[in-house]
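A.B. asks: Sequence:
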Amino acid sequence: LAVMENLFLQSPSTTALLGTVGILLVLYIFFPNFDHQRKEPPGPRPLPVVGNLLQLDLKSLHSSLYELSKKYGSVFTVCFGPQKMVVLAGYKTVKQALVNYGVEFGDRLINPVGQAVLFANGELWKEMRRFALSNLRDYGMGKKAAEEKIIEEIQYLLQEFESHEGKPFSVTKSINYAVSNIISAIIYGSRFDYSDAQFQQMVNRANETIQLSGTPSVQLFNLYPWLFQWARNKMQLCKNVAENRKQMKLLIKRLQETLNVEMCRGFVDSFLAHKRKLEDSGMTESYYTIEILVTTVGNLFAAGTDTTGTTLRWGLLFMAKYPHIQDQVQEELSRVVGSRQVRAEDRMILPFTDAVIHETQRLANILPIALPHVTTTDVTFQGFFIKKGTPVIPLLTSVLWDETEWEKPQVFNPAHFLDKDGKFVKRDAFMPFSAGRRACLGESLARMELFLFFTSLLQRFRFTPPPGVKEEELDLTPALGFTLMPMPQDLCAVMQAVRRI
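Start counting the sequence shown at 14; every next residue gets the next number (our numbering).
By construction, these hints were calculated from the structure, which means they are not laboratory data.
Even for Gly, the Cβ is constructed at its ideal location relative to N, Cα and C.
Some clues are possibly wrong.
So the derived label-pair ranges between C-beta atoms look like this [claimed, not checked]: (1) Lys186 <-> Arg245: 22 to 28 Å; (2) Asp70 <-> Ala158: 41 to 47 Å; (3) Lys439 <-> Arg356: 16 to 22 Å; (4) Lys139 <-> Glu304: 15 to 21 Å.
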């Protein structure tokens, strides 16, 4: 005890030494990655435990990050509670990271629900992505076979819209069912009737799950699972995932019982056939398990439904909101295509319509934050050191609304994709499907679906607000969720004078 008393009653130099040790201890505890020799990305100063959460609006996280990018630059650090993440902002920075540094930024932040195509790394991801790309192409993704599936489904959707006889209705469920049937036909080999209760539940749960995953309580659960494990939204999300996995297992079991490896009906059959082939060869351990198949199918089904369906809903809302643009789309369709069925190849001769679809994707910005990446190694990027294993957020909002790339980023302006002669122009900063190794593998299918569904609907119907509602009263504020979807509001689909026979 006397030794301790003597230690604390030493000269001022001893006190200074103890103070320095205390400061270093605090830095070690709260900033374990601090290294004065390596310049890390700047960012707002975090607080212990909560990090920068008090400076972020979790209901509109992309907006908060976009504002921070204006202060801290295109590469900056944000602490989501105890988790340090690096945010990439602006077209040039996001493209450089995902394309030029694709390997270094190539891993995915793992989702606790399961690993497959979207949430996997290493050999599992490589094998599942290779298998998915190869087999989805075999079943028509982006090809003529897919076009025929889409055109067949369009007829059911047109009938559904027509049944409302021009009266106000919500387009959400019918669009989601139609789009879901395209990926269902590719995955399972057949479509479902819109009135099929199990199909409705599966689609509705998948869409609700995506929206719940973007709510503040679920985001907080991801950061503090011990504190928010009983949050209502988190529990509902887990219930939805469990129910959909149960339903998918039943569908897969039925296909497995009637499997003919010589005549595969869809993606599931191909997976099961490959699984059987490996087992027959004596391989007892592989990535081709029922659990991984269920997770992969769930990934494909959710991704193939929500994003395309949400974009179509935005497109119809924009047409009702901006009737002069709808006039131009319908004039071009009438003049160029007439009453025949629009085909994928018509995109080349419908430049204004194509520009409107692209502008819908750009301004709607339905996936404002790409799924988080993770660095595979220590990397120096734009002069900043980023440690291996650091989660990285590509801020797609900052690309699609980049003020250095778009003339009027906050305005619905199809001229963004047209030259002075009215011809369609590709824009490098158009990146709604992300980019690089982790870009959306269903991009070609989504592009075809958007074009054929949108043009067929505009060819048949005029979209207007409900009676008594003015165009300017239609709300373009997105609803809360992981993807940005329109607020619930009814539209009228009024039959056009000229209709296809």
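A.B. asks: Now tell me if each hint is right for this structure.
C.D. replies: Hints versus structure:
1. Lys186 <-> Arg245: 22 to 28 Å: Distance hint for Lys186, Arg245 holds at roughly 23 Å.
2. Asp70 <-> Ala158: 41 to 47 Å: holds (44 Å)
3. Lys439 <-> Arg356: 16 to 22 Å: holds (21 Å)
4. Lys139 <-> Glu304: 15 to 21 Å: 18 Å Cβ-Cβ, so the 15 to 21 Å window holds.
Hint check: no violations occur; every hint is consistent with the structure.
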